[in-house]
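Trainee: Below are the chains, spelled out letter by letter.
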Amino acid sequence: AQTVTQSQPEMSVQEAETVTLSCTYDTSENNYYLFWYKQPPSRQMILVIRQEAYKQQNATENRFSVNFQKAAKSFSLKISDSQLGDTAMYFCAFMMGYNNNDMRFGAGTRLTVKP
Amino acid sequence: GAVVSQHPSRVICKSGTSVKIECRSLDFQATTMFWYRQFPKQSLMLMATSNEGSKATYEQGVEKDKFLINHASLTLSTLTVTSAHPEDSSFYICSARGGVAGSNQPQHFGDGTRLSIL
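Sequence order for the protein chains is G and W.
So in our numbering, spot 62 of the first sequence is number 62, and the numbers just go up one at a time.
Position in the second sequence counted from 1, then plus 115, gives you our numbering.
Isolated chain W (complex conformation) (with noise of 0.2 Å):
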């Protein structure tokens, strides 16, 4: 139990171009979401965090313009790195958690996207 799935798991865009990443909870009603970019051989860094049908919660010095999270629904959260550079290539996680907004289940993440930006 408790799977998300992360889409796409790869990506690689031009310069400019807007990306969207997808994270769903398949066996669970996920009421809080969060997105994590981790830099290579680094921790994962939280960006931001969601509730359902709340605006997301950013991290501070993350672009909310730049980055923006949906979430819509108790299984989908999108995040949107809109107007990609080269300095935004990372990998992006998500993770998801179910029960009462602010409950202690844990954290369960999705599988990862790799963004590039040529």
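Looking at chain G on its own, in the form it has when it is part of the complex (with noise of 0.2 Å):
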């Protein structure tokens, strides 16, 4: 079974500086995807970022982007220049690439951005 840890519940930064949140999961397969989702105060998951397994180049969005460590089973989310509006919690989800009606999420880190 494929899991998702995230091992950090709770994390905080200062506005503008950068963050970065780490997620591990664990899979046999080879073909999947992985995403970054935000969950705000008003409880609405945004799609953040998403990786495709089979890309060796990390993603980018704007100012998100991911370090995918493909063999060790590392998927860490950076934030720069962080914001007020990015305090959220962080979910780290799996996704098979042939099963793809499931879709494992991490526990989620809460991430405080002070001012």
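In short, the hints are calculated from the structure, not lab data.
Computed from a predicted structure; not experimentally measured.
Among the clues, some could well be false.
Straight-line Cα separation of at most 25 Å, SDA-like style, residue types lysine to any residue; simulated pairs [claimed, not checked]:
(1) G/78 x W/214
(2) W/129 x G/58
(3) W/156 x G/70
(4) W/156 x G/20
(5) W/156 x G/87
(6) W/129 x G/7
(7) W/156 x G/10
(8) W/170 x G/63
(9) W/181 x G/104
(10) W/156 x G/2
(11) W/156 x G/19
(12) G/73 x W/157
(13) W/170 x G/104
(14) G/55 x W/220
(15) W/156 x G/55
(16) W/156 x G/3
(17) G/70 x W/170
(18) G/70 x W/221
(19) W/156 x G/85
(20) W/135 x G/44
(21) W/156 x G/26
(22) G/73 x W/158
(23) W/179 x G/114
(24) W/135 x G/41
(25) W/156 x G/84
(26) W/135 x G/43
(27) W/156 x G/102
(28) W/156 x G/8
(29) G/55 x W/221
(30) W/156 x G/110
(31) W/170 x G/102
(32) G/114 x W/157
(33) W/156 x G/76
(34) W/156 x G/7
(35) W/156 x G/95
(36) W/156 x G/112
(37) G/55 x W/155
(38) G/70 x W/220
(39) G/114 x W/220
Grab the two chains, each in its own frame, and use the hints to assemble them into the complex.
Mentor: Right under this line is the structure:
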């Protein structure tokens, strides 16, 4: 079974600084997808970034980028120039390539951006 | 794009009442919809998956007679919590995905419904 582990329950960062959220996963498969979702206090889950396992290049979306280490099964999220609006729960998620109705979420990391 | 609307956002009702939650994809056709339950300070737990026009597939431990799911069109899925009891109180979130069934498109989430059973 696939598992997703986020080892940092809570983190904080000063506004404008950079923060990295950790995520590791366990799978024996080679074809899969990884996601980071953000859940602000309003509770809506928002897709931040996605990575296809077959791509070696790390995905980036504006201030958000990932460090995808396939051999180490690591998928960390880096937020640059943190903004107050980045305060939220961040969930790492794993989805199989062939059974992609099965998305597994990590326990989440609560990020607080301090002014 | 990829907007999912979930309604209502909050429900408070008496024990024994049945509650219906709607999930709509506003600007895309949702071939697959998902229903999650989220307890306070915890991650999302998948309850069921439904493809348009088919019966929902429930996760182990989820009572299908308790949580009725209907996905009759490409833009609407409903979750009905039948004869709700206080232990059913939770945050319920739907998500929707377009493309052909089983595609690798990401899921887009609704705003969630906080259900409180008195």
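Trainee: Look at each hint and say if it fits the structure.
Mentor: Cross-check of the supplied hints:
no.: 1; hint: G/78 x W/214; result: 29 Å, violated
no.: 2; hint: W/129 x G/58; result: 50 Å, violated
no.: 3; hint: W/156 x G/70; result: 29 Å, violated
no.: 4; hint: W/156 x G/20; result: 21 Å, holds
no.: 5; hint: W/156 x G/87; result: 15 Å, holds
no.: 6; hint: W/129 x G/7; result: 39 Å, violated
no.: 7; hint: W/156 x G/10; result: 11 Å, holds
no.: 8; hint: W/170 x G/63; result: 41 Å, violated
no.: 9; hint: W/181 x G/104; result: 23 Å, holds
no.: 10; hint: W/156 x G/2; result: 22 Å, holds
no.: 11; hint: W/156 x G/19; result: 21 Å, holds
no.: 12; hint: G/73 x W/157; result: 23 Å, holds
no.: 13; hint: W/170 x G/104; result: 22 Å, holds
no.: 14; hint: G/55 x W/220; result: 16 Å, holds
no.: 15; hint: W/156 x G/55; result: 33 Å, violated
no.: 16; hint: W/156 x G/3; result: 18 Å, holds
no.: 17; hint: G/70 x W/170; result: 36 Å, violated
no.: 18; hint: G/70 x W/221; result: 20 Å, holds
no.: 19; hint: W/156 x G/85; result: 19 Å, holds
no.: 20; hint: W/135 x G/44; result: 19 Å, holds
no.: 21; hint: W/156 x G/26; result: 23 Å, holds
no.: 22; hint: G/73 x W/158; result: 20 Å, holds
no.: 23; hint: W/179 x G/114; result: 44 Å, violated
no.: 24; hint: W/135 x G/41; result: 24 Å, holds
no.: 25; hint: W/156 x G/84; result: 21 Å, holds
no.: 26; hint: W/135 x G/43; result: 19 Å, holds
no.: 27; hint: W/156 x G/102; result: 22 Å, holds
no.: 28; hint: W/156 x G/8; result: 13 Å, holds
no.: 29; hint: G/55 x W/221; result: 16 Å, holds
no.: 30; hint: W/156 x G/110; result: 9 Å, holds
no.: 31; hint: W/170 x G/102; result: 17 Å, holds
no.: 32; hint: G/114 x W/157; result: 23 Å, holds
no.: 33; hint: W/156 x G/76; result: 21 Å, holds
no.: 34; hint: W/156 x G/7; result: 15 Å, holds
no.: 35; hint: W/156 x G/95; result: 22 Å, holds
no.: 36; hint: W/156 x G/112; result: 15 Å, holds
no.: 37; hint: G/55 x W/155; result: 35 Å, violated
no.: 38; hint: G/70 x W/220; result: 21 Å, holds
no.: 39; hint: G/114 x W/220; result: 34 Å, violated
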